[in-house]
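Since the structure of chain A is provided, determine the placement of chain B on it from the hints.
One-letter residues, chain by chain:
2 protein chains.
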Amino acid sequence: MPSKEIITEWFKSLQDSICKELELEDGSGKFEEDKWTREEGGGGRTRILQNGAVIEKGGVNFSAVHGEAPDFITKENPVSKKEKFTFYAAGVSIVIHPVNPMVPIIHMNVRYFEMSNGVWWFGGGIDLTPHYADEEDAVFFHTSLKTACGKHNSSFYPDFKKWADDYFFITHRKETRGIGGIFFDKLTRSPAHNKQQLFSFIQEIGSSFAPVYTALMNKNKNKSYTEENKKWQLLRRGRYVEFNLVYDKGTKFGLETNGRIESILMSLPQTAGWQYNYLPLPNSPEEKTLSLLKKGINWV
Amino acid sequence: MPSKEIITEWFKSLQDSICKELELEDGSGKFEEDKWTREEGGGGRTRILQNGAVIEKGGVNFSAVHGEAPDFITKENPVSKKEKFTFYAAGVSIVIHPVNPMVPIIHMNVRYFEMSNGVWWFGGGIDLTPHYADEEDAVFFHTSLKTACGKHNSSFYPDFKKWADDYFFITHRKETRGIGGIFFDKLTRSPAHNKQQLFSFIQEIGSSFAPVYTALMNKNKNKSYTEENKKWQLLRRGRYVEFNLVYDKGTKFGLETNGRIESILMSLPQTAGWQYNYLPLPNSPEEKTLSLLKKGINWV
Chain A
10 MPSKEIITEW FKSLQDSICK ELELEDGSGK FEEDKWTREE GGGGRTRILQ NGAVIEKGGV
70 NFSAVHGEAP DFITKENPVS KKEKFTFYAA GVSIVIHPVN PMVPIIHMNV RYFEMSNGVW
130 WFGGGIDLTP HYADEEDAVF FHTSLKTACG KHNSSFYPDF KKWADDYFFI THRKETRGIG
190 GIFFDKLTRS PAHNKQQLFS FIQEIGSSFA PVYTALMNKN KNKSYTEENK KWQLLRRGRY
250 VEFNLVYDKG TKFGLETNGR IESILMSLPQ TAGWQYNYLP LPNSPEEKTL SLLKKGINWV
Chain B
10 MPSKEIITEW FKSLQDSICK ELELEDGSGK FEEDKWTREE GGGGRTRILQ NGAVIEKGGV
70 NFSAVHGEAP DFITKENPVS KKEKFTFYAA GVSIVIHPVN PMVPIIHMNV RYFEMSNGVW
130 WFGGGIDLTP HYADEEDAVF FHTSLKTACG KHNSSFYPDF KKWADDYFFI THRKETRGIG
190 GIFFDKLTRS PAHNKQQLFS FIQEIGSSFA PVYTALMNKN KNKSYTEENK KWQLLRRGRY
250 VEFNLVYDKG TKFGLETNGR IESILMSLPQ TAGWQYNYLP LPNSPEEKTL SLLKKGINWV
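Read top to bottom, the protein sequences are chains A and B.
Numbered according to this note's numbering, the first sequence spans residues 10 to 309.
Numbered according to this note's numbering, the second sequence spans residues 10 to 309.
There could be a bad hint or two in this list.
Since the list gives no way to pick out one identical chain from another, each pair is judged satisfied if it fits inside one copy or across any two copies.
[Claimed, not checked] Simulated pairs of lysine-lysine, BS3-like, Cα-Cα distance not exceeding 30 Å:
{"hint": "1", "residue 1": "Lys240", "residue 2": "Lys261"}
{"hint": "2", "residue 1": "Lys258", "residue 2": "Lys183"}
{"hint": "3", "residue 1": "Lys93", "residue 2": "Lys183"}
{"hint": "4", "residue 1": "Lys155", "residue 2": "Lys304"}
{"hint": "5", "residue 1": "Lys261", "residue 2": "Lys303"}
{"hint": "6", "residue 1": "Lys239", "residue 2": "Lys39"}
{"hint": "7", "residue 1": "Lys204", "residue 2": "Lys13"}
{"hint": "8", "residue 1": "Lys261", "residue 2": "Lys39"}
{"hint": "9", "residue 1": "Lys297", "residue 2": "Lys239"}
{"hint": "10", "residue 1": "Lys44", "residue 2": "Lys240"}
{"hint": "11", "residue 1": "Lys44", "residue 2": "Lys183"}
{"hint": "12", "residue 1": "Lys13", "residue 2": "Lys261"}
{"hint": "13", "residue 1": "Lys297", "residue 2": "Lys44"}
{"hint": "14", "residue 1": "Lys303", "residue 2": "Lys44"}
{"hint": "15", "residue 1": "Lys258", "residue 2": "Lys303"}
{"hint": "16", "residue 1": "Lys21", "residue 2": "Lys228"}
{"hint": "17", "residue 1": "Lys261", "residue 2": "Lys195"}
{"hint": "18", "residue 1": "Lys183", "residue 2": "Lys261"}
{"hint": "19", "residue 1": "Lys232", "residue 2": "Lys155"}
Derived from the structure by calculation, the hints contain no laboratory data.
This is chain A alone, in the form it adopts within the complex:
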């Protein structure tokens, strides 16, 4: 069964390979690395690319932190004795905000978590947030995820796709963050899968990121766009900010475990905007996009 050391090393290698692939497709931007340590234990390698040709602001972060389990974890996992848990959490987190509004925003996270009481799980997700919904891209994205999931368990894609619809949801706006993807948490040993098998699944998802997103970059990066398209991009980024600051559990976890703020908030775009009561024109691409930001669309 894979140890936390083996899993952690693999996460590092995933960060390396994704950064290389993204730089290659960007053609100009370079990731800059900040190594950091966390006072209570552990640290990370934050890699940020700013002002590339395709990527305006992107982060591909690795971290592995440990220490006493924060209150909200202890609360979710009550123990009879007044035992003090320690935890270990490692993973890779990615958010890419492109320059061109025709290139979608993407997010991926793959993570491993274990506690001193023997409890462990994998979690993660990948979701796409187009500024302008493109049905061909959405079908390609979801088909790629379905294929990757299907190699491991035929119920993973439908189950985790629904989970993503529910998770990446801006409740106060009654709209999804984007066109969804997959989301899963607390995957642990079951009759269906042992730890090695779940780790293989995580590796499959992690490894699918670069080919899927560089294909979407490549297809859309040279499309022309207008000032109006850029304004709309700002508003969509505003919604992204709302989701991440109000709902995102990874952000919450980072803030509650005294994480490195600049690494956690790398998910926020270089610019974003809010306009009071913006209503898209009837039959516009903006209106079409909004109509697709809902749960339960079957893209495959």
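The following block gives chain B in isolation, referenced to the frame of chain A:
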């Protein structure tokens, strides 16, 4: 003792007079009004000014909502019986984001709250968020508040100034939102003040908004600024967004009571920005501003 009807009417008249004064000082922008009703009871008058000469985006909102008390209020006010509270909440909320980075952002809220069990209180606050800290402006602002508070209780200014330092604090950044002001909540009958006296205090604070802020607009609105100043303004606005979405209790209350989203989030600026690990140049005005974003500065 003033009834909720009298208090509510006064809030409406405050909204009217502040909008007039701001339009006068802006010289070009006009507030547009949206009246709205809340399904569960009550409603409001949202007034937004966008793309004025001085005000880029500003909201001066009145609302008066009522209904069954939401869970988090019932939790804070437990009752022995399984009584179902109703509540009534009215107030005026203001956030102004100016065009010119030399003009500070301002926020004010004055509110009245009562429940069917006879509990009532006033709350509110006013705080200033300069993009570039100007000591003269800060002294003027705090002196005005101290004077207004001092007409009612000599401990109000020191107490509520400290409360503002603690409240308008971006914990994860370890910095205050701006140069503070005053904040107070749950002001109710005490040996020192009856309801009429507290209402007079609220009126004093509310009425001080327009003269104080139009003076700051007037003094700073014609100052010249550079592209670099505008970039810094974006970053400061980003911090404003972080505070409002992560910490602000008014925003939380609005979201939890199914408030009108566009009215609640009028506090967010037309544009904002985030840059990874931005560090101001040594001895720059930006660095000086950051050095003043801390608790406990005695401006008066």
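Outcome of the hint check:
1. Proximity of lysine 240 and lysine 261 under a CA criterion of 30 Å is satisfied in both settings, with 29 Å inside one chain copy and 28 Å between copies.
2. For the identical chains of this complex, lysine 258 and lysine 183 are neighbours both inside a copy (18 Å) and across copies (21 Å), given an alpha-carbon limit of 30 Å.
3. In this assembly of identical chains, the alpha carbons of lysine 93 and lysine 183 lie at most 30 Å apart only when taken from different copies (28 Å versus 39 Å within one copy).
4. Taking CA atoms no more than 30 Å apart as the test, lysine 155 paired with lysine 304 passes inside one copy only; the shortest distance there is 17 Å, against 52 Å between copies.
5. Taking the shortest Cα distances, lysine 261 and lysine 303 sit within 30 Å of each other both inside one copy (24 Å) and across copies (24 Å).
6. Taking CA atoms no more than 30 Å apart as the test, lysine 239 paired with lysine 39 passes in both settings, with 24 Å inside one copy and 26 Å between copies.
7. With identical chains, the CA atoms of lysine 204 and lysine 13 are at most 30 Å apart within one copy only, with a shortest distance of 11 Å there and 62 Å across copies.
8. For the identical chains of this complex, lysine 261 and lysine 39 are intra-copy neighbours only, at 29 Å inside a copy versus 39 Å across copies, given an alpha-carbon limit of 30 Å.
9. Taking CA atoms no more than 30 Å apart as the test, lysine 297 paired with lysine 239 passes inside one copy only; the shortest distance there is 17 Å, against 33 Å between copies.
10. In the homo-oligomer, the alpha carbons of lysine 44 and lysine 240 lie at most 30 Å apart only across protomers (27 Å), although the nearest pairing inside one protomer, at 35 Å, exceeds that limit.
11. Taking identical chains as interchangeable, the C-alpha atoms of lysine 44 and lysine 183 lie at most 30 Å apart only when they sit on different chains, with a minimum of 21 Å there against 38 Å within one chain.
12. Taking the shortest Cα distances, lysine 13 and lysine 261 sit within 30 Å of each other inside one copy (23 Å), while across copies they are farther apart (38 Å).
13. In this homomeric assembly, lysine 297 and lysine 44 come within 30 Å of each other (Cα to Cα) only across copies, at 28 Å, whereas the closest approach inside a single copy is 42 Å.
14. Taking identical chains as interchangeable, the C-alpha atoms of lysine 303 and lysine 44 lie at most 30 Å apart only when they sit on different chains, with a minimum of 28 Å there against 38 Å within one chain.
15. Within a single copy, lysine 258 and lysine 303 get their C-alpha atoms as close as 20 Å, and across copies as close as 28 Å, so both meet the 30 Å cut-off.
16. Taking the closest pair of Cα atoms, lysine 21 and lysine 228 come within 30 Å of each other only inside a single copy of the chain (28 Å); across copies the shortest separation is 54 Å, beyond that limit.
17. In this assembly of identical chains, lysine 261 and lysine 195 lie within 30 Å of each other by CA distance both inside one copy and across copies; the values are 17 Å within and 28 Å between.
18. Proximity of lysine 183 to lysine 261 under the C-alpha cut-off of 30 Å is found in both arrangements, the shortest distances being 21 Å within a copy and 16 Å between copies.
19. With identical chains, the CA atoms of lysine 232 and lysine 155 are at most 30 Å apart within one copy only, with a shortest distance of 27 Å there and 57 Å across copies.
Every hint, counting from the list given before, is met by this structure.
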